[in-house]
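S.K.: The residues making up each chain are set out below.
2 protein chains.
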Amino acid sequence: MTRVLYELAAADPDRRFSPFCWRIRLALEHKGLAFEGRPWRFTETEALAFSGSDKVPVLVEDGRAIAESSVIAARLEAAHPDRPSLFGGQAGAALTRFHVAWTDQVLHPALAPLLLLDIHRHLAEPDRAYFRQSREARFGKPLEAVCPDRAAQLATLRRTLSPVRAVLRQQSYLGGDGPLYADHAVMGAFLWARGVGVQDLLEPDDPIAAWCRRMVDGMGEGSRALTSG
Amino acid sequence: MTRVLYELAAADPDRRFSPFCWRIRLALEHKGLAFEGRPWRFTETEALAFSGSDKVPVLVEDGRAIAESSVIAARLEAAHPDRPSLFGGQAGAALTRFHVAWTDQVLHPALAPLLLLDIHRHLAEPDRAYFRQSREARFGKPLEAVCPDRAAQLATLRRTLSPVRAVLRQQSYLGGDGPLYADHAVMGAFLWARGVGVQDLLEPDDPIAAWCRRMVDGMGEGSRALTSG
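First to last, the protein sequences are chains A and B. For what it's worth, my numbering labels the leading residue of the first sequence as 1, then goes sequentially. For what it's worth, my numbering labels the leading residue of the second sequence as 1, then goes sequentially.
Hints listed in this document are in silico derivations from the structure and should not be mistaken for laboratory results. Check the hints yourself; a few may be wrong.
[Claimed, not checked] According to the in silico footprint, chain B covers these stretches of chain A (three or more CB under 8 Å from chain B): (1) 2 to 12; (2) 95 to 108; (3) 120 to 132; (4) 145 to 153.
[Stated by the list, open to error] Okay, the calculated bits of chain B under chain A, using three or more residues with CB under 8 Å as the criterion: (5) 93 to 105; (6) 172 to 181.
[Stated by the list, open to error] Here are some chain B residues pointing at chain A (derived, C-beta under 7 Å): (7) A78; (8) H80; (9) P84; (10) G88; (11) V167.
Note that beta-carbon positions come from the ideal geometry of N, C-alpha and C, so glycine has one too.
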């Protein structure tokens with residue numbers, strides 16, 4: 001039975017830009033599990049109705065739909081214990097929650113202002129109104145006013161990344177010698193940016209930039225083709 | 001042979017306030033290893049000369065001196081593999097580096113401004129000049145000017161703690177069902193504050209406050225006596 005991952009897409013179906021969907025794509029590749037990545041758009045709620053979720057990622061495996069990236073990752077780990085581990089054991093799974101929470105609550109808010117207009121520009125026409133309305137409500141201002149000073153926001157982002165940078169000065173991946181789900185969670189943020197054509201986030205000599213290259217090099221060909229931005 | 005941990009102390013030798021020393025005290029207790037905690041003050045460099053380090057923590061075990069908290073923790077894990085693990089395995093050790101880096105680079109800078117004057121007030125007389133001079137150089141202003149708005153700094157600290165809070169809403173400890181070194185690293189920050197009498201950092205219903213109580217309850221009697229602030 002085909003394994004299907006529903007992924008957020010822009011007007012161009014090859015622009016996959018949800019950081020949460022990217023985590024699961026990377027997790028599926030980590031586990032060596034074949035899947036079809038099916039593009040889905042914000043306003044296509046009907047196409048997801050079967051899953052009980054109104055958001056992606058949704059993974060359909062063995063005829064069962066699972067939503068929410070952390071739930072999907074835990075399920076993949078439990079269902080495929082013979083495949084490479086996403087967490088490196090029970091303690092690793094518990095510890096990874098901090099990387100995920102930090103990515104969601106600290107890294108994403110520092111990055112989002114830099115991406116909003118690019119996301120909006122790349123969306124399919126019917127999604128634009130939804131995106132503008134929901135994000136303007138969230139930020140309390142017009143999309144165009146969220147990031148009045150790009151250079152300052154970029155500096156904030158780079159400063160925000162300091163604990164990731166400190167770890168990557170000590171080891172090749174957040175997971176140690178190889179990537180774990182913690183790496184996938186943080187990498188999702190950079191793939192969010194690439195998905196809408198934003199690639200200038202790091203200084204070239206930043207250890208995080210080298211880690212991003214290693215992460216992209218480790219991706220399957222199909223996924224890599226989706227990151228060319 | 002006695003195991004000795006050199007710990008930073010205030011004028012009152014029972015005020016142990018270094019967050020890095022606390023990590024190691026908690027790690028030693030985690031491992032169930034008996035030790036003598038020996039108070040040491042900033043200006044007592046001669047008393048540490050034997051170790052090759054000019055800073056605490058320094059642990060002397062089997063006649064060997066080891067400095068730097070992360071090095072000591074790794075050494076304790078390697079030397080006592082039969083005792084409860086500080087990291088929960090190799091992946092856990094790699095993942096814990098992020099908790100430690102975040103604590104050092106994000107949490108401590110958010111907390112320090114709230115503590116500087118209390119630290120200064122509690123120090124032994126010869127340490128005060130050293131402390132004022134070194135910290136004023138680091139912050140680029142008089143100690144009294146580092147935290148002009150305590151309420152705003154407290155709000156910053158509480159916001160900074162959001163990823164810890166998110167994890168502790170999902171599980172009892174950063175390490176899962178029980179504490180790991182990641183917990184000790186973060187708890188060190190709160191024990192730094194308690195060591196100089198600052199206890200009002202969290203809202204009473206903050207999940208982090210409940211975790212702090214669990215962490216203190218789990219401490220040995222001798223250590224708990226050092227936290228009454």
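S.K.: What are the numbers of the hints that this structure violates, sorted from low to high?
M.R.: The structure breaks hints 1, 3, 4, 7, 8 and 9; every other hint is satisfied.
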